[in-house]
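Trainee: Take a look at the letters that make up each chain.
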Amino acid sequence: MRTSRRTFIKNVSSAGVVSIGASAPGFLDRAALAGEGAPALAGSEGKILVLVQLAGGNDGLNTVIPVADPEYGKLRPGVGIASGAALRIDDEHALHPAMAGMKDMFDEGVLSIVQGVGYENPNRSHFRSMDIWNSARLSGELTRDGWLGRALDLHRGSSSGTTPALAIGTGNLPLALVAAKTQVPVIRDIDAFKLQPGVGDRVDRQERRAALDAHIARAAPAGSELEFLRSAAGNAFATAKKLESLTATYKPAADYPDRPLAAKLKSVAQLITADFGTRIFFVSLGGFDTHSQQEGSHRALLDELSGAIAAFHHDLAGHGLGERVLLATYSEFGRRAKENGSLGTDHGTASQMFLAGTAGKGLVGAHPSLTDLDEEGDLKHHTDFRSVYATLLDKWLGFPSAEVLGEQFPLLELV
Amino acid sequence: MLAPYTGTWTRGDAIHLLWRTQSGAGIDEVDRVFSDGLDASVARLVGTRPESEEFIATESVLFQSARSSRSIAALKNWWFYRMLHTANPLAEKMVLFWHNHFATSNQKVRSARNMAGQNQLIRRHALGSFGDLLNGMARDAAMLKWLDSNANRKRQPNENFAREVMELFALGVGNYSEHDIKEAARAFSGWHLRNDEFWFNKNQHDSGTKSVFGVSGEFGGGDILRLCLAHDACPRFLAQKLLAAFVSPHPDNATTEALAASIRAHDFDMGKVMAELLRSQAFFAAGARRTLIKSPAELVLGSYRALGVRAKLPQSVQLMAELGQSLFEPPTVKGWEGGRLWINATSMLQRANFAAELLAGDRYGRVARPVRGTDYTELLLGEAGETRPPGKDPLGHIQFILSTPEYQLL
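Those protein sequence lines, which keep their order, are chains A and B.
Letter 257 of the first sequence, counting from 1, is numbered 326 in our numbering, and no numbers are missing.
Letter 151 of the second sequence, counting from 1, is numbered 162 in our numbering, and no numbers are missing.
If you are wondering where the hints come from, they were derived from the structure by calculation, not from laboratory data.
Mixed in with the good hints, there may be bad ones.
[What the hints assert, rightly or not] As a list, the in silico DSSO-like pairs of lysine-lysine whose alpha-carbon atoms are at most 30 Å apart: (1) Lys252(B) / Lys403(B); (2) Lys310(A) / Lys250(A); (3) Lys403(B) / Lys310(A); (4) Lys119(B) / Lys449(A); (5) Lys116(A) / Lys310(A); (6) Lys116(A) / Lys250(A); (7) Lys320(A) / Lys310(A); (8) Lys263(A) / Lys250(A); (9) Lys345(B) / Lys252(B); (10) Lys252(B) / Lys250(A); (11) Lys250(A) / Lys119(B); (12) Lys213(B) / Lys263(A); (13) Lys213(B) / Lys119(B); (14) Lys407(A) / Lys449(A); (15) Lys213(B) / Lys193(B); (16) Lys119(B) / Lys263(A); (17) Lys143(A) / Lys464(A); (18) Lys345(B) / Lys119(B); (19) Lys156(B) / Lys345(B); (20) Lys213(B) / Lys283(B); (21) Lys156(B) / Lys250(A); (22) Lys193(B) / Lys250(A); (23) Lys165(B) / Lys250(A).
All values reported here derive from a predicted model rather than from experimental measurement.
Please construct the entire structure, taking both the sequences and the accompanying hints into account.
Mentor: In structure tokens form, the structure reads like this:
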């Protein structure tokens, strides 16, 4: 698929222009005009990707359970999930009992489960393997940028004043979004998008805000840092103004559980419904490094994951935005097939990725075999994670994946 | 050599010097630097002043707390306290400059102890010999972990460190070949870490002949560093980085070459180099004023200093991270690229919200009571008059100034 920087610029800038309206700073108009002819002002086709990182190495074998395989019980006499408790999705597979929300999504046809995802010569270090997933580079050199960061750099507009990607609540910028040129913001929560009023009473604040808007709108020498800053500030304050009115009217169309991941995805939903213009969101859920006594902690994590994803999906569907949004989960590795001696599981390899969106494909690919394990006793992958990335880039975001990933990986029937 | 500044010394010059070298100052310090004049002020900035008893006591408590808790968060508090309260703010600013130059992240090193060790190493040489700093870095525990030195073995050389020495630490892209890197990696083989200390692992060192930059010898790692320092590109590379940090995002070639010549002439003594730079025409040129976008550190420290804020450390450190500069955690080995990359819609909002919360709340600490008769526009922007804020409340004035695009420049 041949797309282009132009399409991306159109998508980003049209969202920006629409949302900012009459006060659109000059550079946005220029960015739009850098495309061809008149900018597409309405009906942006901009698809949105929400990436959910499961940090620590999710035990995929207890997440999507091969219930019909007698080998499962042999490998996992202590930590295995009883087949009666697991939530069946077909004759051979079941989801963990805590995943009722995602089970319903599977039944509704809005969930894909890509099985057996991994890469050659898997690394079992958290740091290194997460780097590999986030950079989409297998080589041993120190990684400098992330796969989405490279995509942003290749398709950035003429200014970094817009917000093409956003990480919420991750503390640091996740490597997946590290770019050479594009600075991706990390925000604590959605309140960071509101302009605080500050000193004085209501009249003082309004006067100051008006004076600031007028001040920022003044011309500055072309190409100067001041001109750049005035554009960025104009964009920021206008966007904040829009969010202030829109978020006041935002009503989630689903009940979000009172858990951190749900709160983050709720913020994402809020920004998407506000037509904020951001196309890539990143959130993370940590704690999956379940080396011992994993039952309770893994259950709680999957409960948090499933509840948050289900609420997010139903919220967007309720706003009529389901078709524009795809959520994908990933983790640096799955865990060893055979449980360890402390009712936990050690670092492993292949695992599944969940994709939540309106065009669910159900189970994609076979569950990795429990009898054909690698030399360490780990599951063998059959699908390179970069094929999933390539699919998301080429078929969802519209960024040619070969440039981002260094080669063309086979595309999957996922979107 | 750089041409010295010959203009008439003004208060605007004093404020420019103070914002660029120590991220802002209160009105008393502006008065003092204006009355002392340029030469005396620069001598004071690059010299070493004794720290106050209070500083020594508090700094030591914070450092011990970071050491005993092994907490990177505590170490960040310690460093931020140093930056804000030290009597030697230029030296501390240079520590951050070198942290960015030799960008090492605790995200991989995962040891507050190693990061503290590297930070102290930088501080010893911050305004001293770059050669000593480079040699120290090549044997620093955090750096050895960061660039996988233990993986650099005789029969399987790992090029990570050798590449970054040339690309990012000493020469810059285009001034070496892939062959130079391969050979240099052999010279650094066996530069390992054992028990958190540098260890020359003789068994894993390739002692054969290498050829680097067209010179051959049975080089070890120290020889490679010596060859890098002797390379023409090295002073030019440092000059570019210093100019980008202290003078202008677009320095002209003549200035770069002149500063490079000074660095060579001063034999990489950065105190002497900085003294010359800060007294130069290039530093005070009209075209260089207000052209640098403040880093989060410069924004936060400068605002605190100018407004006399008793800062809350963890909140301030967290704010810096949210603005894109998490201490001890630069995003990549290239560090924070800075400039326009500090700015996007979110960070502009956050900068304005910082102004609002600083002046109207106590999230980050309380500002001192505004001093009657102080021209805050001049103090904060280095120029009088152009930006006249609305309203009567001086705190409202200050909030307005801090929210402007102009204030994001220094």
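Trainee: Work down the list of hints and note, for each, if the structure agrees.
Mentor: Okay, the hints, checked on the actual structure:
1. Of the supplied pair hints, the one linking Lys252(B) and Lys403(B) is violated, its CA atoms being roughly 43 Å apart against a limit of 30 Å.
2. Only pairs whose Cα atoms come within 30 Å are accepted, and Lys310(A) paired with Lys250(A) is accepted, the gap being roughly 27 Å.
3. Distance check on the hinted pair: Lys403(B) and Lys310(A) sit about 25 Å apart at the alpha-carbon level, within 30 Å; holds.
4. A hinted pair counts as satisfied when its Cα atoms are at most 30 Å apart, and Lys119(B) with Lys449(A) qualifies at roughly 28 Å.
5. Proximity of Lys116(A) to Lys310(A) is assessed by CA-CA distance (about 24 Å); at most 30 Å being required, the pair is judged to hold.
6. At most 30 Å may separate the alpha-carbon atoms for a hinted pair to count; Lys116(A) and Lys250(A) meet this at roughly 22 Å.
7. A C-alpha spacing of about 18 Å is found between Lys320(A) and Lys310(A), which places the hinted pair at or below 30 Å, so the restraint holds.
8. At most 30 Å may separate the alpha-carbon atoms for a hinted pair to count; Lys263(A) and Lys250(A) meet this at roughly 26 Å.
9. In summary, the hint linking Lys345(B) to Lys252(B) is supported, as the alpha carbons are separated by about 12 Å, within the 30 Å threshold.
10. With a C-alpha separation of about 18 Å, the suggested pair Lys252(B) and Lys250(A) falls inside the 30 Å cut-off, and the hint holds.
11. Straight-line distance between C-alpha atoms of Lys250(A) and Lys119(B) comes to about 22 Å, which keeps the hinted pair within the 30 Å bound.
12. Simply put, Lys213(B) and Lys263(A) have alpha-carbon atoms about 59 Å apart, too far for the 30 Å limit, and the pair is violated.
13. Under the criterion of a C-alpha separation no larger than 30 Å, the hint pairing Lys213(B) with Lys119(B) is consistent with the structure, at around 26 Å.
14. Taking the CA atoms of Lys407(A) and Lys449(A), the gap is about 14 Å. The hint holds against a cut of 30 Å.
15. A C-alpha spacing of about 19 Å is found between Lys213(B) and Lys193(B), which places the hinted pair at or below 30 Å, so the restraint holds.
16. With a C-alpha separation of about 34 Å, the suggested pair Lys119(B) and Lys263(A) falls outside the 30 Å cut-off, and the hint is violated.
17. Of the pairs offered as hints, the one joining Lys143(A) and Lys464(A) is violated, with about 41 Å between alpha carbons and a cut-off of 30 Å exceeded.
18. With a C-alpha separation of about 14 Å, the suggested pairing of Lys345(B) with Lys119(B) holds against the 30 Å cut-off.
19. For the proposed pair Lys156(B) and Lys345(B), the alpha carbon gap of about 16 Å is at most 30 Å, so the pair holds.
20. Between Lys213(B) and Lys283(B) the CA atoms are separated by roughly 38 Å; this puts the pair beyond 30 Å, and the hint is violated.
21. Distance check on the hinted pair: Lys156(B) and Lys250(A) sit about 27 Å apart at the alpha-carbon level, within 30 Å; holds.
22. Among the hinted pairs, Lys193(B) with Lys250(A) is consistent with the structure: their alpha-carbon atoms are about 28 Å apart, no more than 30 Å.
23. A distance of roughly 37 Å separates the Cα atoms of Lys165(B) and Lys250(A); the hinted pair therefore is violated under the 30 Å criterion.
Violated hints for the displayed structure, listed by number in ascending order: 1, 12, 16, 17, 20, 23.
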